[in-house]
Amino acid sequence: MTEAAAPLLAVRGITRHFAAKGPPVRAVEDVSFDIQRGEVLGVVGESGCGKSTLGRLALRLIEPTTGTVAFDGTELTTMAPQALRRFRRHMQMVFQDPFASLNPRMTIGDALIEAVRFHDRLGKTEARDRAAALLRQVGLSAEHLDRYPRAFSGGQRQRIAIARALAPSPRFLVADEAVSALDVSIQAEVVNLLKSLQEEFGLALMFISHDLSVVEVISDRAMVLYLGRIMEIAPIDDLYSRPAHPYTVALLQAAPGGGKRGGDRLLLKGEIPSPSAPPSGCVFRTRCPFAIADCARDVPPLTTVRPGQLKACIRDDLTL
Amino acid sequence: MAKGAPLPERDSQRPVLDVRDLKTFFPTDAGTVRAVNGVSFVVREGETLAIVGESGSGKSVTGLTIMRLLGRTGAEIAGGEIWLTRGDGQRVDLARQPEAAMERLRGSEIAMIFQDPMSSLNPVFPVGDQIAEPLRLHKGLSRRAARAAAIELLELVGISDPAQRVDTFPHQLSGGMRQRIMIAIALACEPRLLIADEPTTALDVTVQAQIIALLRELQTRRRMAMIFVTHDLHLVGDVADRVAVMYASQVVEEGPVADVLSRPAHPYTRALLSCIPRQQHGQPRRRMTPIPGTMPSALATPHGCRFHPRCAFAEDRCAAALPSLESIAPQRTARCIRWREIWS
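Just so you know, the sequences run in chain order E and X.
All the letters of the first sequence, read from the start, carry residue numbers 1 to 320 under the numbering used here.
All the letters of the second sequence, read from the start, carry residue numbers 1001 to 1344 under the numbering used here.
Treat the hints with care, as some may be off.
What the hints assert, rightly or not - Here are the simulated SDA-like pairs of lysine to any residue, each with C-alpha atoms no more than 20 Å apart in a straight line: (1) E/Lys195 <-> X/Ile1276; (2) E/Lys269 <-> X/Thr1294; (3) E/Lys124 <-> E/Gly109.
Unchecked claim - Quick look at which bits of chain X chain E covers, simulated, 3 or more residues with Cβ under 8 Å: (4) 1015-1027; (5) 1064-1070; (6) 1270-1276.
Derived from the structure by calculation, the hints contain no laboratory data.
All values reported here derive from a predicted model rather than from experimental measurement.
Backbone N, C-alpha and C fix where the C-beta goes; we use that ideal spot for every residue, glycine too.
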């Protein structure tokens, strides 16, 4: 990362606790990161790691407990609701389930026109032209405008959801498990589409997924979350070829087709502890095969392993 | 006897299940949906056959048909045979067993686990009772003996404090734990064949790795045959010995896993492999190549080869007639008239 380039998104110390019976759920805990213009940041982790909450915090779709988010130098966390609504045109979101995110009683054209006119004062014809252009951008055509969502396959619906997100010409897109519900042949189609939009329009992308192999294909950098905290953040090639955190290693080896079968794997014991009662010190220590007494004491800070690669682990003596 | 000692080495070629030309059809208002249309395969003792395919390929219906659990779906077996070799050596055709006989076979000779353990477990009974039930039903164990066996089974599937966990309810357990309970129930009576339908799809990867390791260990120990139904080609390489690839209600290719994944003979297998992102560290990242078009509806399957409208290798003759599942090498079959060119 060069010093000169101000990041498009700057997240600092973001924390979100959800009230619950008993102690609060610590969904996201003190997370800081940047996303550069046109960059794809992958966010990986298992269920309950806080990745979806983090995506929503980045767009201020939910309020942080503490911490700040700045978009292109503008502080989002203190912005008034009206201003935030207008500002949202720069930042959009695509969700996992394309069946749930489209209104079944609205034609695709109407859904897109609504999205276009929400941010821009366009006449009916202009808005329809823009909607047709959006469909072409995602590989569909103007003839699809008057059809209803039920006429489309899962992959096509996800393309439509992406077209709608692109309506206000955003500069930043959060994709939350956007390809997870799709069959592999369709997954490839949507990933390629997102990648080409990023290249063509310089769109920055936060790509949230539990699927490490898809994240590797699409991302420039990736962040590994566990129990609401960053374990490691690194350029994609470093993360996959020389992971520095024991959890990253375990996650890569556990992924099917990770190249290791049976006994050679770093097989983690147990499951993720409750985010209402995270372990003291390093939150991963209860499942970490390399944990020592010191790991229970302090939350390990993110330290630089090599340029751009940071890990939250006090053990520098490991060969992983 | 819950903790089975390794069985003596026997003829590993012995088929436990021999499925021949199986057809399962759903009558609908719009016409007959041929969900499984002429599927044949063999699963041997101690062997795992993965059935892989995308949604709508017919892979899950195949599993349900073998278990004869089609009841509520409205589907019927429209043809074919499902030969199971029972523990006593007798062969029975599951396609023709009356329901009462199936009830005796399910749980004792064949068992099944599903994607979602929460909807398969009864929420109002402790897990121990649910593991004990098949033991009492099929083996006539007393309440006390069944409970003791349930505790042993919990230990077998890697659950700590089994003597306490036996009294917990499903909602008190995590997803991975629940799937372990389902495995304990399925394995209680030491079935000869386990059908696992996407058993790890709802689980996180680190837990998925645990469950796969557990299934493989138990299978080796008991020389059980397993059918592993999945959409995940990556997983196939980790779990199975052989793989059958399904497309549009039919098997298009079958063979040893390593062979099929490294040298596919059918264009669909090849296309499927090229649209999954494979980890190739240090090499420039490739784009994933999607398969053009969409899976045909089971109501309107294309004439000739079902894959030809989407196939990069299709010729005019591919549309003329449905290719047969040809033997292309020992233990390898493919349903493509151009396999020689594709396979080389």
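A quick look at each hint next to the structure:
1. E/Lys195 <-> X/Ile1276: It holds: about 15 Å lies between the C-alpha atoms, which stays within 20 Å.
2. E/Lys269 <-> X/Thr1294: Answer violated: lysine 269 of chain E to threonine 1294 of chain X is near 40 Å, above 20 Å.
3. E/Lys124 <-> E/Gly109: Judged against 20 Å, a Cα distance of about 11 Å means the pair holds.
4. 1015-1027: violated (count 0)
5. 1064-1070: Contact hint for the segment 1064-1070 of chain X vs chain E: violated, 0 residues under 8 Å.
6. 1270-1276: holds (count 4)
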